[in-house]
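Participant: Those sequence lines, one after another, are chains A and B.
Take the first sequence: its position 89, counting from 1, is numbered 89 in my numbering, and each next residue is one higher.
Take the second sequence: its position 403, counting from 1, is numbered 403 in my numbering, and each next residue is one higher.
Keep in mind the hints are simulated off the structure, nothing from the lab.
Treat each hint with caution, since some may be false.
The list treats identical chains as interchangeable, and a pair is accepted whether it falls inside one copy or across any two copies.
What the hints assert, rightly or not - Think about it this way: if two alpha-carbon atoms lie no more than 16 Å apart in a straight line, the pair counts; the simulated EDC-like pairs of lysine to aspartate or glutamate are:
id, residue 1, residue 2
1, K369, D410
2, K503, D514
3, K438, E149
4, K369, E17
5, K482, E515
Bear in mind that the values here come from a model prediction, so they are computed numbers and not experimental data.
Number of protein chains: 2
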Amino acid sequence: MQGQMMNRPLLISGLLEYAEQVYPNSEIVSRQVEGGIHRYTYTDAGKRCRQLANALTKLGVEQGDRIGTLAWNTNRHYELYMGVSGMGAITHTVNPRLFPEQISYIINHAEDRLLFVDLTFVPLLEPLADQLTTLQGIVVMTDRAHMPESSLEGLLCYEELLDAESDDYDWPTFSEESAAALCYTSGTTGNPKGVLYSHRSTILHAQAICQPQAINISCDSTILPVVPMFHVCAWGSPYAATLTGAKMVFPGPQMDGPSLHELIETEKVTLALGVPTIWMGLLAYMDEIGKTLDSVESVVVGGAAAPVSMIQKFQETHDIFLIHAWGMTETSPLGTISSCSREMKSMPLAERYPLQQKQGRPIYGVSLKIVDDDGVELARDGVAFGRLLITGPWVAESYFREDHPENFIDGWFDTGDVATIDPQGYMQIVDRRKDVIKSGGEWISSIELENAALGHPAVAESCVIGVAHKKWDERPILLIVKKLGEAISQDDMIEFLTGKVAKWWLPDAVVFVDELPHTATGKLLKMTLREEYQSYLLDR
Amino acid sequence: MQGQMMNRPLLISGLLEYAEQVYPNSEIVSRQVEGGIHRYTYTDAGKRCRQLANALTKLGVEQGDRIGTLAWNTNRHYELYMGVSGMGAITHTVNPRLFPEQISYIINHAEDRLLFVDLTFVPLLEPLADQLTTLQGIVVMTDRAHMPESSLEGLLCYEELLDAESDDYDWPTFSEESAAALCYTSGTTGNPKGVLYSHRSTILHAQAICQPQAINISCDSTILPVVPMFHVCAWGSPYAATLTGAKMVFPGPQMDGPSLHELIETEKVTLALGVPTIWMGLLAYMDEIGKTLDSVESVVVGGAAAPVSMIQKFQETHDIFLIHAWGMTETSPLGTISSCSREMKSMPLAERYPLQQKQGRPIYGVSLKIVDDDGVELARDGVAFGRLLITGPWVAESYFREDHPENFIDGWFDTGDVATIDPQGYMQIVDRRKDVIKSGGEWISSIELENAALGHPAVAESCVIGVAHKKWDERPILLIVKKLGEAISQDDMIEFLTGKVAKWWLPDAVVFVDELPHTATGKLLKMTLREEYQSYLLDR
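In isolation and in its complexed conformation, chain A is listed as follows (with noise of 0.2 Å):
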């Protein structure tokens, strides 16, 4: 028997309709990448996205058409995001900071048939042009007076195609399973694979991460998105941020130090989003300065594990709560989270770090179970650690246009992560699959021996990858980059390290590199390096 409520699709226009009608005069502030600082209203937006949105339908787009972005975190950016998905069509967000030829292929893959692009990534796009076989035109995001001088012909301008159009536009209703953002993964191995986004993953997802036990997004909030928008949709603030009618504030393509604090502090910012190297630069420059950020309730860290460094300086500095996430492009990305509980927030904190750099517990929606390399679940004692499997309703069922069932196994994503779950709900990575040590049948965890390194004040980057032994198969060696000046010894490191991990975790020798390999997004290369030193220890 099917109830009988009103059958009305949870879609991304509906999200830009609320905000306009309930919190029509709450802000979207932003930098511009010509510089300056624009300021409106969500009324505006909704105006603009409209006139976008007849503008698109006059170059012929139609529904299901992917848009590409090359973009920073911009109004303009938000109005393609709410804009194209609204129409019907398929925001796909390209990440700028991949390789050309990674560029390229990502477009002819999506065969994008429009692409949008910060006067920034003109040049960028201008070697690729005769690669790109599907795009119909390129728009570049600025005004008329602002039109770069270009190799790249028939340009046309973001403002002028606005300003031809009027904002009158009924925003068409269709099916909710329908495809809405494409983003692509940005993997060490392999082209990169594309995660096909629906309406309702998004407004679930978003709905979500609102939560008082997730982010805790309401009408009060200031949020800040430092976390790209080509990067899992800024992990889905945007279309929370309207959700709710919080205000908004984009830093555009400035994302230093003084920029973020200068945002910060004019626009009192309450929540901020971001990786842990925006944070390193932020803090770096506070510190200097010997400011603190007095508005910032708390700041959401994910993409990379946040040292226990950096979650008592927020604390202890600044009075921040850093909330520590974790997710994936193929999660939307919200998998888990550390949210600023109550229970947390009465801990002492010795004993709340700990707890803090877990990497949280799952909110409603989201199912983890760990299993062992014959599938069987695991125990949620915090202890047993085997390949952590997600599922569900923003989870991605595959990638887009590939096969890949290895990763997608009875409803369940194969997220390449290792990880414990302890009986409290909190799940803790380990370590990605490929980068975990077996030592003599035992595992030892790269990135929590990177992370204690890493509490050492000469160490700039550290990466501990296992390499081959005779008597225990694989041992760990630390690599380290040290910061400009600092000296220190092998004996020094194994010292400091000492009581902070398991004795036998202890590494079999500490190598110093100038430069550790890098993947496009900032990656560690540990592959590369595996290769590199698979002799090391048994050469010596």
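Based on these hints, arrange chain B on the given structure of chain A.
Facilitator: Just chain B, lined up with the frame of chain A:
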């Protein structure tokens, strides 16, 4: 083009699985009908819900069957919520406060297959049993020792049914549009009408009420639903608690001041939900004993407008924010809410109270509009008032087995209320459409006049109706039930109201009566009064 995200239906069983996995030790505390306090965890509850599902299966219950309940807010009623809906049957909560003939009408109309009944309601059921033609069994919600002597034959015992079953049961998967729960309105005219909630509507609604800008429910909350589980599913709070792993405290049959106070104090309740009458009792008792409700942070009031004196009392005596909400059985119920926002909290109280008296803003998912008699939308200026229409995924699209097309127009539900909406999105109920008074072409709110009159210390209950008038077509008269031992004249009353409402709103007569007629659920029967007093002003 379809998105490629997991097709996981939103099912009520998933709420329970979430709480069991992530918040296994969170408590559910219940005052028992047999006396004493029952206390267990989501883990225990989950096991018993599975035992219940096995017992129901053995009793022949199939997906889509309606299972009636006549029960207080207790852990057993909660188990029925989860177990019955979880297995795909329909939890039909019957309101025991209805007149006996309405109760038998409802059970027959729903074709309930089984009825679960608290000890309290067995006597109520005895004279009705012959008329309940669809029932195949009656289960008394108690253990063997407490089974009552009764004229009802073949009564089953709840605890015995559960004891006989294993807690091994796999919740089935089915469409999220499937019916989950059934609740009849207690309208003032005609037979009660059934609203058939789906799993989808129930879960989207639960997600919505947890939002920080709604009721703000999280794993940190300790929730006391005083609003009955037979009244719009206790406003969805049991689902919301499970969705977040919140601690839940059920008052059982005792909703008097002393009992509520004891539970609140012992269990450290942070959030309580109920109708104004309940809080009148509790507040009076707290005054009597000269104590305050220290653990409570907010109280949700719905079902009827909260008088400003109550808002003020909670705030100024108990430091509790009264969250004023509006909804109906047909809206699951959350329509609008005056949440405890930063903006609200930062206002001077004198400025805040009038705003808090409004029924609040819609939460994402719900859309409201006001229209005139021709269906033309009216301005959101806080002044224009008209018929309030509502739409959203947790709004009914029709009644169960009844045609009332006049209530459902072009995808909108006509609430039967008359309201204003201000530019900040706040909705205020002016009156029930049939109760609004039309005086010389202008409208007067009977509710606003009643609330103003209630502010007088001698007034126990007030009622304003429009009656025939030679010159103005209709004019308001005020009916008053005085508090015991209090004296007040018509002139006193008019003087008291002067300045509190527009001069032309002042009632043409004040009539002191011994009592006022009510429906079974306590709503004023204004229709009866209008008939009685129709020529009151003409005759004078």
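Participant: Hint by hint, note whether the structure agrees.
Facilitator: Evaluation of the provided hints:
1. K369 to D410: Within one copy only: 13 Å inside, 45 Å across.
2. K503 to D514: neither (28 Å within a copy, 84 Å between copies)
3. K438 to E149: neither (55 Å within a copy, 68 Å between copies)
4. K369 to E17: between (38 Å within a copy, 13 Å between copies)
5. K482 to E515: within (9 Å within a copy, 85 Å between copies)
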